[in-house]
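Student: Protein sequence lines, in the order shown, are assigned to chains A and B. Per this note's numbering, the first sequence runs over residues 671 to 1285. Per this note's numbering, the second sequence runs over residues 18 to 245.
Just so you know, the hints here were simulated from the structure itself, not pulled from any lab data. These numbers come from a predicted model, not from an experiment. Treat the hints with care, as some may be off.
To be verified - Below, a list of computed lysine to any residue pairs in the SDA-like style, where the Cα atoms sit at most 25 Å apart:
no., chain 1, residue 1, chain 2, residue 2
1, B, K91, B, A129
2, A, K711, B, G87
3, B, K91, A, K1096
4, B, K91, A, P717
5, B, K91, A, P678
6, A, K964, A, S1256
7, B, K91, A, R787
8, A, K861, A, V895
9, B, K91, A, H715
10, A, K711, B, E57
11, A, K1202, A, N1220
12, B, K121, A, E675
13, A, K832, A, K964
14, B, K163, B, R180
15, A, K1093, A, H1105
16, A, K711, B, R180
17, A, K1251, B, Y207
18, A, K766, B, W233
19, B, K91, A, Q1274
20, A, K1096, A, A1124
21, A, K861, A, Q888
22, B, K91, A, N722
23, B, K91, A, H916
24, A, K1251, A, Q1262
25, A, K1216, A, F796
To be verified - Part of the chain B face toward chain A, derived, beta carbon under 8 Å:
no., residue
26, I90
27, L217
28, L224
Here a beta-carbon is modelled for each residue, glycine too, at the ideal position from N, C-alpha and C.
Below, each chain spelled out in residue letters.
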Amino acid sequence: MDASEIEPLNQFLSQLVPFDSLSGSELGESIRKLSVGYYSKAMGHVPLDPANPQLYIVRSGAFEVRDGEGELLDRLGEGDFFGFPSLLSGEATTNKVAILEDGLVYHLDPDTFNYLRRQSREFDRFFNRAFAKRLRHQARFKAKELTTTSRVSSVMASSPLKIDCNDSIQTAARMMRDARVSSLLVTDNGKLCGILTDRDLRNRVLAEGLDGRLPVHQAMTRQPVTIHAAALVFEAMLAMSERNIHHLPVLDGDEPVGVISSTDILRSQGSQPLMLIGEIERQRDVPSLIGVSKKIPELLQSLISADARAEEIGRVLTSVTDALTRRLIVLNQQILGEAPMAFCWLAFGSQGRQDQAACSDQDNGLLLAHEPDDHAAGYFDALSHAVCRGLDECGYRFCPGDIMAQNPSWRMSLDKWQQVFDKWVKSPEPKALMHASIFFDMRPVFGPQTLFDALQDKVLAGTKDNDIFLAGMAGNSLKEAPPLGFFRKFVLERDGSEVKGIDLKHKGNALINDIARVYALSAGIKEVNTAKRIRALMELGVIGRKDALNLADAQEFIAHMRLANQGRQHEQGISVSNYLKPQQLSSLVRHQLRDAFKVVHDAQSGLRLKFLRSF
Amino acid sequence: MVSSTLIRPRLWWKSRRLNEPLLAELLVSQRKLLSLPLIEVPLLAIDMEMTGLNPLEDQILAIAVAPLQGGMIKLSEAQEVRVAIAGSVGQSAAIHGITDRELKDAMSLDEAMRWLISRLHGHIAVAHHAPLDLRFVGQGMAQVFKESAPLLALDTLQLERARLLRCQDVIKEGSLRLGACRERYGLPVYHAHNALTDALACAELLLAQLAAMGAWQQPLSSLAMLSD
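Just chain B, same shape as in the assembly:
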């Protein structure tokens, strides 16, 4: 992760070195948003299901996105795609509930990454524990384009940790989980878990967090992070 003061030069430097135009354009489109107030920035909440937690070994099974802008989540543009994998989902089906059969009509990783990049164009990613999801995205880019681009993102977990640390020293285990964070803002409890529900849950959490922080008028650069 890159600290906020270094974001701008690093983005500029990185975009110069990319060969794949799709990725370079994505970076440029994100960089333009940095000085805008958050209320004007097009955001894209992302959640993914993977076969495990290791980006080098495990594979993406599903990617869900829910766009939000001006404080509103547009459900009409929320979408989830399934991604075909090599081999079987195996034991991980117990966690994400996606079985091999459901992956029958899935996109190839190549298609899925191109779809995600097009959705991200001109948007800033939002995720709960963003570094993990973005590492998988980075790995996916590397497989498809033989290179990967750093991405600008808002991490709802990181925002929450910072908020909690301001009023207490120790953070109890489990209190930064998506459900626990939502409960603190009185957001409804969602029992079902899949990529699209969690993407919506994350987007709603961000709305609540920014409202509580009174941060909608702050520039994106003050809260954004940059993935490796």
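Chain A on its own, in the form it takes in the complex:
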């Protein structure tokens, strides 16, 4: 009897990709050729002998691969591999493998490795791909940015056809014919000034009898709606369906880099959230709308299982909530009649920040263009009650703190809203501010942007560089600390009794939201989404690039852990919560989580230093 009959080895390797593709005898042969090593943190690095390359298979523990310059290339845990680049390229590696947590590592010799590559195409392909991937990451560790397929930039037609606005319409039409495209970007001095589509040629040129020799700017659609290259595909789709257009110029900064058409999108995916939003927009009464809303948990589960980025999931789910809210408003207006004045439906808190997850409460308010008379007050009372009740029935429970448009306190004219914010900003009492913080994450879901801007501009003018107010906000946001001590305790308690879970929301994401909010208000940034706030802060130089990227990564990682955990809870049929039981984590993930909390801790220190002038 030999090592190939050792049950735990067999079990581990036979389920490990790509060893799972090997035949029974090849698997047995690989096990017999393994040697087992143990690396402890005290050693610092795994000693890689250039004269004796091996395939290293991590059985337990946690490791980090860094390149010669010390840049992080990969993090490894149970079932991961290292050492294969040298085996494949035959070159000595400059990479170093740091030991984060003690662990067992299996070593496979080059002869057996090459034998297995010859025996199994899958085995060979797996390591070639892993090698290619490692090379791509050589510049920067980007494991989290692999899900780019859902970005506009991955679907759009790049290097778009452009024409100067003074060229003739006929030239434009010829270019479109020759390139067989249905749209053309029109530029003025290299800058985008319009778009010319098949529809424009039909409606503005042929139907109007316009001369083909006239300059193109007379036929184009001016100042077209554009979208950023990094936007999500479904956001492009939304923009199109809201305005009934089929082409969007794609910008990177000011520069047009592509065009995305509805056909591109349809081709790219049969997208579930889009279909759900489309379905919401088609419903003709509230009961059927409530029926459609029952599909939201299913959407969340499929997004989680597709391993979408947490930030994307938050944006998708919030778009669905926004669509539901808008549809509820429209349906109720069909009953109540036209509004007596312009108004905005405001979303606060998580809906405002576009980071909704499972079982969100509603936080909303109503912004009226001016002080309502009795008739108008009655109209908005009826409308807001109907919409809030509808949301509740769609699964967005009434806000326990009563921050809802149906509460007359949060249904006010622009003047009154300005006064309320003014009071918070000018005489910031810590306790009042604590409750007020979610109001600063506000976003219009329905109604004219100009009305909303009038409120937001005033608020930001008051908060920007307002030291006393910012100190109050910063003080509040520092009341909770990330659970760093928890990890020390966790290591000690590993053998023993039950360990309580970590509250990923209140001790993690909420803290980052707070930090981003204080900085954004201090700099007068209009964005309310935390990731966008951080990006804007980075571009303005308020936060250093490295800190900003770290903070955004930490936000994404913690939120991702929270969603994955909730997906697991949902699967197991237990009630969904923000608590993560660390027993369920591999040591690698535990390390990453600790790193993420460390980033939050450092960012809090930075906040304290900047706004409280203390250490």
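With chain A fixed as given, assemble chain B onto it according to the hints.
Tutor: Just chain B now, kept in the frame of chain A:
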């Protein structure tokens, strides 16, 4: 068991008195290793299945070995042999899972002991609760050669007990079992139990223990024990 200061003279004395050259050579080969640092010592993790726990009454059913040297376990040289017994495995099959049928092609005790001695030549035994296994080996030698040799060994249970006693007074029951010790070092949980799996488990535990103690450069003599 013999305390470490007496190991050298006792080994020398014992090797002089042995009649069986195989055993005398084994002792000499082990004695040469005593002053080497552990990282250079060829080690051999051993685990056995027996019909019971009494070396005088019960019999060896299986012997498994997993060699390790320089901090690496060589699975290519890991091996388990079955040993034929007089009578039936009886009720003990419930524990080790070895049935009479599986012992059909087993080695005789004579062959098995000669095989084990050849594997041990130039190696130091490693076992979890080594005194028990070594008593069975001693009994086996006595049956085959009419005399038995003391063996040098590292006992992972003893190492663990010493480590635990350094930081706590009382050792909880069960906390020195192989699985419990492995868990403390975050080693994977092995559900299956047989001689070869346990020999590997014991070898891995030793790697973790020596790494945690920072003991790889210590001489073998500082941690080794000698069986009776």
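Student: It remains to establish, for every hint, whether it holds in the given structure.
Tutor: Okay, the hints, checked on the actual structure:
1. B:K91 / B:A129: The given pair, whose Cα atoms are some 21 Å apart, holds under the 25 Å limit.
2. A:K711 / B:G87: Status holds; Cα separation ~18 Å.
3. B:K91 / A:K1096: violated (73 Å)
4. B:K91 / A:P717: holds (18 Å)
5. B:K91 / A:P678: holds (16 Å)
6. A:K964 / A:S1256: Roughly 34 Å separates the two Cα atoms, so the pair is violated.
7. B:K91 / A:R787: holds (22 Å)
8. A:K861 / A:V895: Holds: K861 of chain A and V895 of chain A sit about 14 Å apart, inside 25 Å.
9. B:K91 / A:H715: Between K91 of chain B and H715 of chain A the Cα gap is close to 22 Å, so the pair holds against 25 Å.
10. A:K711 / B:E57: holds (21 Å)
11. A:K1202 / A:N1220: Answer holds: K1202 of chain A to N1220 of chain A is near 14 Å, not above 25 Å.
12. B:K121 / A:E675: Given pair K121 of chain B, E675 of chain A holds - Cα atoms ~18 Å apart, limit 25 Å.
13. A:K832 / A:K964: violated (45 Å)
14. B:K163 / B:R180: violated (38 Å)
15. A:K1093 / A:H1105: holds (13 Å)
16. A:K711 / B:R180: This hinted pair holds, its Cα atoms lying about 18 Å apart.
17. A:K1251 / B:Y207: Holds - the C-alpha atoms of Y207 of chain B and K1251 of chain A are around 23 Å apart, at most 25 Å.
18. A:K766 / B:W233: Between K766 of chain A and W233 of chain B the Cα gap is close to 23 Å, so the pair holds against 25 Å.
19. B:K91 / A:Q1274: Distance of about 50 Å is beyond 25 Å: violated.
20. A:K1096 / A:A1124: holds (18 Å)
21. A:K861 / A:Q888: Between K861 of chain A and Q888 of chain A the Cα gap is close to 17 Å, so the pair holds against 25 Å.
22. B:K91 / A:N722: holds (16 Å)
23. B:K91 / A:H916: Cα-Cα ~65 Å, so violated.
24. A:K1251 / A:Q1262: Distance ~15 Å between K1251 of chain A and Q1262 of chain A Cα, so the pair holds.
25. A:K1216 / A:F796: violated (33 Å)
26. I90: This hint holds: I90 of chain B lies near chain A, its Cβ roughly 4 Å from the closest one there, short of 8 Å.
27. L217: holds (6 Å)
28. L224: holds (4 Å)
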